[in-house]
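Peer 1: Please model the entire structure based on the sequences and the hints provided.
Those protein sequence lines, which keep their order, are chains F and G. Reminder that position 132 of the first sequence reads as 459 in this note's numbering, one-by-one numbering, no gaps. Reminder that position 113 of the second sequence reads as 116 in this note's numbering, one-by-one numbering, no gaps.
Hints are computed from structural coordinates only; laboratory data are not their basis. Owing to the predicted nature of the structure, the values given are computational and were not obtained by experimental measurement. It is possible that some hints are incorrect.
Claimed, not checked - Partial chain F-side listing against chain G, Cβ under 8 Å, derived:
1. S329
2. P351
3. S367
4. L433
5. N532
6. M535
Stated by the list, open to error - With a straight-line cut-off of 25 Å between C-alpha atoms, the simulated BS3-like cross-links for lysine-lysine are:
7. F:K434 with F:K423
8. G:K260 with F:K423
9. G:K260 with F:K456
What the hints assert, rightly or not - Label pairs and their computed distance ranges (CB to CB):
10. G:H64 with F:S584: 52 to 58 Å
11. F:T379 with G:A106: 45 to 51 Å
12. G:R100 with F:T379: 18 to 24 Å
13. F:V335 with G:Q184: 41 to 47 Å
14. G:D47 with F:R394: 33 to 39 Å
15. F:T542 with G:P149: 35 to 41 Å
16. G:Q184 with F:I488: 38 to 44 Å
17. G:R195 with F:P517: 45 to 51 Å
18. G:D67 with F:A404: 37 to 43 Å
19. G:D67 with F:T379: 41 to 47 Å
20. G:G22 with F:T379: 48 to 54 Å
21. F:R394 with G:A73: 37 to 43 Å
Just so you know, even glycine gets a beta-carbon here, dropped at the ideal spot from N, CA and C.
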Amino acid sequence: MSTTGARVLLHTLLLGAAAIALFPLLWMLSVSFMAGGEASAFPPPLLPGHGTLANYRQLFGQQNIGRYLTNSLWLAAMTTLLSLLFNSLAGYAFAKLRFRGREPILKVLLAALVIPSQVAMLPLFLMMKWLGLVNTYAAVVVPAMAGIFGVFLVRQYALTIPDELLEAARIDGASEARIFVSIVLPALRPILVTLGVFTFLGSWNDFMWPLIVLTDQDLYTLPIALAQLSREHVPDNELMMAGAVLTVLPVLVLFLSLQRYYIRGILMGSVKG
Amino acid sequence: MKVGHAAWAFATPALLVIGVFFFVPVLAALIVSLTDFDLYALADIRNLRFVGLDNYWHLLHTPDFWRAVANTGYFVAVGVPLSLAASLASALLVNSRLTYFTAFFRTVFFAPVVTTLVAVAVVWRYLLHTRYGLLNYALAHIGIHPINWLGDPHWALPAIIVFAVWKNFGYNMVIFVAALQSIPADLYEAARLDGASLWQEFGRITLPMLRPTLLLVSILTVAGYFQLFAEPYVMTQGGPLQSTVSVLYFMYEEGFKWWNLGSASAVAFLLFLMILAVTALQLRLTRDAETS
Numbered sequence: 328m329s330t331t332g333a334r335v336l337l338h339t340l341l342l343g344a345a346a347i348a349l350f351p352l353l354w355m356l357s358v359s360f361m362a363g364g365e366a367s368a369f370p371p372p373l374l375p376g377h378g379t380l381a382n383y384r385q386l387f388g389q390q391n392i393g394r395y396l397t398n399s400l401w402l403a404a405m406t407t408l409l410s411l412l413f414n415s416l417a418g419y420a421f422a423k424l425r426f427r428g429r430e431p432i433l434k435v436l437l438a439a440l441v442i443p444s445q446v447a448m449l450p451l452f453l454m455m456k457w458l459g460l461v462n463t464y465a466a467v468v469v470p471a472m473a474g475i476f477g478v479f480l481v482r483q484y485a486l487t488i489p490d491e492l493l494e495a496a497r498i499d500g501a502s503e504a505r506i507f508v509s510i511v512l513p514a515l516r517p518i519l520v521t522l523g524v525f526t527f528l529g530s531w532n533d534f535m536w537p538l539i540v541l542t543d544q545d546l547y548t549l550p551i552a553l554a555q556l557s558r559e560h561v562p563d564n565e566l567m568m569a570g571a572v573l574t575v576l577p578v579l580v581l582f583l584s585l586q587r588y589y590i591r592g593i594l595m596g597s598v599k600g
Numbered sequence: 004m005k006v007g008h009a010a011w012a013f014a015t016p017a018l019l020v021i022g023v024f025f026f027v028p029v030l031a032a033l034i035v036s037l038t039d040f041d042l043y044a045l046a047d048i049r050n051l052r053f054v055g056l057d058n059y060w061h062l063l064h065t066p067d068f069w070r071a072v073a074n075t076g077y078f079v080a081v082g083v084p085l086s087l088a089a090s091l092a093s094a095l096l097v098n099s100r101l102t103y104f105t106a107f108f109r110t111v112f113f114a115p116v117v118t119t120l121v122a123v124a125v126v127w128r129y130l131l132h133t134r135y136g137l138l139n140y141a142l143a144h145i146g147i148h149p150i151n152w153l154g155d156p157h158w159a160l161p162a163i164i165v166f167a168v169w170k171n172f173g174y175n176m177v178i179f180v181a182a183l184q185s186i187p188a189d190l191y192e193a194a195r196l197d198g199a200s201l202w203q204e205f206g207r208i209t210l211p212m213l214r215p216t217l218l219l220v221s222i223l224t225v226a227g228y229f230q231l232f233a234e235p236y237v238m239t240q241g242g243p244l245q246s247t248v249s250v251l252y253f254m255y256e257e258g259f260k261w262w263n264l265g266s267a268s269a270v271a272f273l274l275f276l277m278i279l280a281v282t283a284l285q286l287r288l289t290r291d292a293e294t295s
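Peer 2: So, in structure tokens, the structure goes:
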């Protein structure tokens, strides 16, 4: 086959695959601007006859979706900030500070990565109930403040910080806290962005745990609210699509703007040294 | 000495969180799975009784549990190979030296991965709608009668598999692309000088060089697919006729609908054991393939 022929075939396949990947998302956007009932027709329309914001108005008006949007944002932001702090402290300590028990603890943590998080879920619920935290944001944020994956991600990167840099600061009499803030944190910046994006997206998209522990409607996150809405309003396709757009758009924008960092996280996570 | 103190101060907060909110619950789950923890025990802990392996024994004699295991097994056995094939194929296309706009295609293929599962599941439920869904509309053009994708016990799980592959293939694609780029270019040059076809290049160079990545990716993907939950929760609510109840969905209903927390904990452990067993099998098969 000639190079040109190969190129045409290759790009035909690529464009076909791209169409499959994007079509559901584009159609979701299109239907979200349709009038009520317009999408329940045959053949299904591709574009709205007269674009309308009625679905979005109804979501913000009657369905209180602004509240869920705020809940999701607040939970994801809190989780991200706290987990960045906890994981970076621990990741740096495991990479660069010698202390007794370091190696055995690392081994235990690494082995525990194989345990699916759902195994812990039922007793965690009982624990939250016992602590009186069911139906509070703390029930979602607190268990997510640190994670084995996050600690390892930071540790992996922190190993590349030159020891001489830290020693020089110690000789100058800097305290460990000082060294962490003025040398380590700046050096970790790229990996912290990676971990931050990961945590934010993970928290935003999380479903099972918030579903279990947040039963008060005022506390729902967007995915929970959308799932409940879709169980109640099955025929309201246009409304559902608008809800889906509001849920997906923020994370898609975040990913597009920080894509490089996110992809590095996947590669580091899958190539454990 | 001072460094040692600081190290502990730095590591303790994270270790405490992981210990208290992960390790303790995992151990507690093991204990709870050996008790008859239910609504009565939830009201008053004195109603709790130790029952040994009864929960496990009962589950193994519950047809609905086996149904969930079979459904999950089907989802893993069909979904993982399809997913890996889609990831590898798209990685090869994206990574070809003839491809223009590599970054654009990579981003487009990755977009479904970052979307919120619940939201896109709602979108797909609509795409798969018997009467207004675009999929049936498209199929009608090639003479296929409308299929009730999510309402027919034979089609519901396959439909969810297609959705899951669409949602996930971009993730492993990124890993494959990185692995493909690390294969030395002179291997291909030498093959080309020897007159190897594209297909031979793939079979003799690409695939063997990708083997470690393939193993890792398939282990991670199997573990992920075993944890099927939100898709059936949103798209089919386990139905029709239990055909999309997964092990986790079963655990969720057992635990948080019927409040049989003892039995639900046993389900969680059995799921963990299943994942471990399949992972061990994958490692074993790979090692056998390498030695033979």
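Peer 1: Taking each numbered hint in turn, which are not upheld by the structure, reported in ascending numerical order?
Peer 2: Numbers 1, 4, 8, 11, 12, 13, 16 and 17, in rising order.
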